[in-house]
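*Asks:* So you can see what is in the structure, the chains are spelled out below.
Protein chains: 2
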Amino acid sequence: MSSAKRTEMNPDLQKERDGASFNPYSLTCLLHAGEENVERKRELERLAFDDPELQHEDLSFLSRDERYTLGLKKTIRFLNKCWDLDITGIQDVNTYRRAVFRGMLEPLSVHYGMFLPTLLSQATEAQQDKWFSQALNYAIIGTYAQTEMGHGTFLRGLETTATYDPKTEEFVLHSPTLSSAKWWPGGLGKSSNHALVLAQLYTQGQCYGMHPFIVQLRSTEDHTPLPGITIGDIGPKFGFDEVDNGFLMMDHVRIPRENMLMKHSQVLPDGTYVKPRNSKLAYGTMMLVRSYIVSDAAQSLCRACTVAVRYSCVRRQSEIKPGAPEPQVLDYQTQQYKLFPLLSAAYAFYFASHYMMDTYFQLSGNISQGDLSQLPEIHALSAGLKAFTTAVMSSGIDTCRMACGGHGYSHASGLPLLFANATPACTYEGENTVMFLQTARYLVKCYGASKTNEKLSGTVAYLSRVQTAAVSGKGARDLLDLEELVGAYQHRAARLVGMAANQLQAHTKAGKSPEDAWNSCSVQLVKCAQAHCHFFVVRNFVDTVRTADVDPASRAVLTTLCQLYAIHGIIQNSGDFLEDTYLTGQELQQVNSHLASLLAKVRPDAVALVDAFDIPDEILQSVLGRYDGNVYENLYEWAKKSPLNKSQVHESYHKYLRPFLQQNRAKL
Amino acid sequence: MSSAKRTEMNPDLQKERDGASFNPYSLTCLLHAGEENVERKRELERLAFDDPELQHEDLSFLSRDERYTLGLKKTIRFLNKCWDLDITGIQDVNTYRRAVFRGMLEPLSVHYGMFLPTLLSQATEAQQDKWFSQALNYAIIGTYAQTEMGHGTFLRGLETTATYDPKTEEFVLHSPTLSSAKWWPGGLGKSSNHALVLAQLYTQGQCYGMHPFIVQLRSTEDHTPLPGITIGDIGPKFGFDEVDNGFLMMDHVRIPRENMLMKHSQVLPDGTYVKPRNSKLAYGTMMLVRSYIVSDAAQSLCRACTVAVRYSCVRRQSEIKPGAPEPQVLDYQTQQYKLFPLLSAAYAFYFASHYMMDTYFQLSGNISQGDLSQLPEIHALSAGLKAFTTAVMSSGIDTCRMACGGHGYSHASGLPLLFANATPACTYEGENTVMFLQTARYLVKCYGASKTNEKLSGTVAYLSRVQTAAVSGKGARDLLDLEELVGAYQHRAARLVGMAANQLQAHTKAGKSPEDAWNSCSVQLVKCAQAHCHFFVVRNFVDTVRTADVDPASRAVLTTLCQLYAIHGIIQNSGDFLEDTYLTGQELQQVNSHLASLLAKVRPDAVALVDAFDIPDEILQSVLGRYDGNVYENLYEWAKKSPLNKSQVHESYHKYLRPFLQQNRAKL
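As they're listed, the protein sequences go chains E and R.
With the UniProt record's numbering applied, the first sequence closes on residue 668, and no number is skipped along the way.
With the UniProt record's numbering applied, the second sequence closes on residue 668, and no number is skipped along the way.
Honestly, the hints are just simulated from the structure, not real lab data.
Values in this document were obtained by computation on a predicted structure and should not be read as measured data.
Please note that a few of the clues may not be correct.
Each pair may be met inside one copy or between any two copies, as identical chains are not told apart.
No farther apart than 35 Å at their CA atoms in a straight line, the calculated lysine-lysine pairs in the DSBU-like style are these [what the hints assert, rightly or not]:
(1) K73 x K667
(2) K275 x K655
(3) K527 x K509
(4) K451 x K73
(5) K15 x K646
(6) K81 x K601
(7) K275 x K15
(8) K655 x K130
(9) K167 x K451
(10) K527 x K338
(11) K321 x K667
(12) K655 x K263
(13) K321 x K445
(14) K601 x K512
(15) K641 x K275
(16) K130 x K646
(17) K338 x K655
(18) K509 x K601
(19) K130 x K641
(20) K601 x K640
(21) K655 x K640
(22) K655 x K81
(23) K338 x K641
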């Protein structure tokens, strides 16, 4: 799977590239926010790929134990390299990281992804002096222990306790039940010697809710678990083989008072609890994490599309015309229908993640100046977008896998691993349904506010202009016009939000408690949140197409993709547009025929559109998706490495098969 | 995961069982076609579960090599047991097989699933004398080598050649290109010593298309590959770890003329080709295989639903009412919306598979009496149903997995393995899109025939009564009435078939070749085939509810499930019903509110409905789905067995982590 075997280009792929209507490099620059970023990315990638100490082993042939060990080894190499080569700055480090790990996961990702940031945002200066530089320099390794066996998304349900003992000025950390065992934190099982443990704080006989505590788990001498600590790996999972997701049970473990992170709330030596000044600041980190998830979702979908689109040009099958050569699979309309809407979604989500990142940094600036006004709106959007993009990404990777036929099912395609490692994003950092319901709660609140003539702004401003009455019959519409499409999605979202809000009200009026009413409408509420996110993604895609600094050919292909994204979404959700006759049946027929035209229009540019993602073979890790298209030769080379092929005759023959065959022959 | 740990029942599950409105045993008997079958099934299961020689190892903790070896060992034990205990008859053997293998796959399944049946149906009597009893007694082990690296579903594209040499009266088997390598056959890589190779037959300078040839692959003395044979394992896949799917390349391998299976076509010693008498007979086997796939799809979905529904009653999360205890996850409407439609689909597909099996046996009888009239209709239905049911099953298992939150992602849930092993059914035995298009071709043909007043019968009779005009406004409809629901699906299917046919005609009239026209409409054609299958499944479910020999309480719950299946499908495809105003927007609102009521109505019976599938824990292989609901204790017990927990301190600590930590500490 290395580029070393990239000799001659498969002629079918060469023809595709020669025939593209635009230069993919211009879209690469757009996706990576500028040529400078692209060149820097490529430079760092080369640095990693060419480094003899960073050569890659194919994970498919390794056991889980080997994969964990390799993950650890690679993490250490990577960190030492960063220090040696002086690679700093979050973007450079992340680019280099991706190039070093090549799709492999990192056992210590929670250390830098959660342990360090939480210390930074929630530790006092004195605590930072003590812990942060140790952690930054990997003199200690930490994880973030929040989720428990019996509780995930609902934080208030967590059972672990931290009880303050003023006599010794210590907290007693305890797992009162089996279901309170910390369960799932990455790096907890085997790697970490410290953890930030989230626990219910008890002092002076009262519970003050979840707070973070630094707990040492293992000896810094010999890594054995400390007294009172029961710790281990939670066992194999769908993916994440390299990560030692772990469990932790604490039996009255005592830690000094100073190990509670006290930047926001405090427990004084005598046990007095001091409230945090502002509890909303924690939302910032959550939004950043969710923005990263949107960006990861986009990139995972890009990878899957790259594999499926390229392979569909190399693979030939069946016949459209009798006697003619077998066509490329991508010439089948059904194949285009599977892949091109996902390709357009990958672009749409990429642009949505740009918006989220930009907004996050702008918002952080506002917040630091005391302006929290935009926080609820963007928080609601980030929750919904996280759910919306990961759901499409997860099922989309699976669609791409199946679009590659039998070979998609082989680990040689890279798609099973991509799916297994990417799909947890639908569950972690807030389960998707719960996320949609959070968004819905905000939307319904805004809808209510708009009824009392409160002015709404930003991404929810449109709710002030809700039109529940149908607006069809307003004459011939051009359903390829971008603003017309935005209008359709806006109408749908506004209508569905209004409907859910009214339904909620009806249930309450009929005597249900607000909670039961909410639960009774929750299917509709999820639906309205999805429609809101869908609208935002379309709106943002259209804005990007309009404002992007690209040449006309690139803008033309982006416009086509944007139309396809919107048109396909209308077809997938046609009932929502027909229900109130916003669209007529006849207009839907037009939409269907637009779809067929758009698929045909994307077809000649499909390979260039995935090339524009600029995912090197080393990171793509797919025999089917190779840039040079030399699939079959490399599929055979790959298969030969299968551990079952180490000997011509497998040892099980001697042990089991031979005696069995002999026994049976004797019976004849 | 054994039933040994089944001590006390989780009180939440006990309450569910106590509160059910019907006796699940009556549905168990309906699903298994009679009490006698259920008792026999349970007897055979006990026989396997209690056998000390058939105890089970958890696959999650084994390497692929270990799993292949275990698969082989277990296959041999299973066969010896069948012979010792005199277990015969296809149903008994299959029940016992399932109980022995417990979700594990069998490396030699192609031997009994394809090699033996093909010998039976395509070998002459003389050939059967020579090969069949050897194969039946496992004195030789065979596979069925059809698919090639470069060709799957499109059989005419296969490249392997078998050229007759009259001088020596031999066939020369040859793989002319890399892409002609046989690729994927189960058991080919390491286990089999013979194969039925499908190859293009050349004699007297002419090609006569695909024919089956018996080729010996490995020495019966020491299992080494014979001269000219290159053979091996194709490498790791998403699932199917126990199976050595293999590759095979032949370099001018000579086999005697008698090794071509000659029941249907023949090559005489001088090279004269003798045509088969009837080429349609082969369809019979294909239909049987597809009926089995429909049945397997139903059962896989049953397993996933059993896990998710039971776990959702044990798992408690969040709060509906402040201060109240955390509710069971299944009390959330959104969770019901994810799971209950799938539960209803599992029943629907089970009943559809009953229909397919019954029809297959009836049809076989007709065929043996020379009546082939029903063959095209049932062939088209079996292709479509295979695709329709496996697609819902595959994404349904994934939905169930995600509905179990984080723990669904652990192999302890059993769901990742179930998904990975079940999803290939979407691809093998005819890729799903190709299958739908086969069905569509038949439907369009029937539609055309109906236009010339030809009478259609059986499952397509309704196409004679196509109404493309809308029929709404005919007064208040009861959309919970089963016949009304059948009518809605019938209308939709007929309309979509008509629309696709008309579109096809329009493209042809506009000057496109029939092939290009077909391709240009293929998205619509797939859609009409799906609608046809959907209609069939609803129709058949309704018929089953009406005619089933069950008590009133069971019929009531079946009726609810059937309504839910149909109502949910209308919502999922609402555009199809609104487009021609067959349903009005107002009626769709009613349908939505019916859905909410039906979810609530299924809720108290959900556990009993999955219990009725009668899947023992030993086969379910899921900590989350245990019958006794003791999830958390057993999750912990399971995790402790993780290979990473063999030692408290993993060896990678000494090798990598310790030196790294020391280096970093020294720097501080």
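*Asks:* Enumerate the violated hints, using their earlier numbering and listing them in ascending order.
*Replies:* 2, 4, 5, 6, 7, 9, 11, 12, 15, 17, 19 and 20
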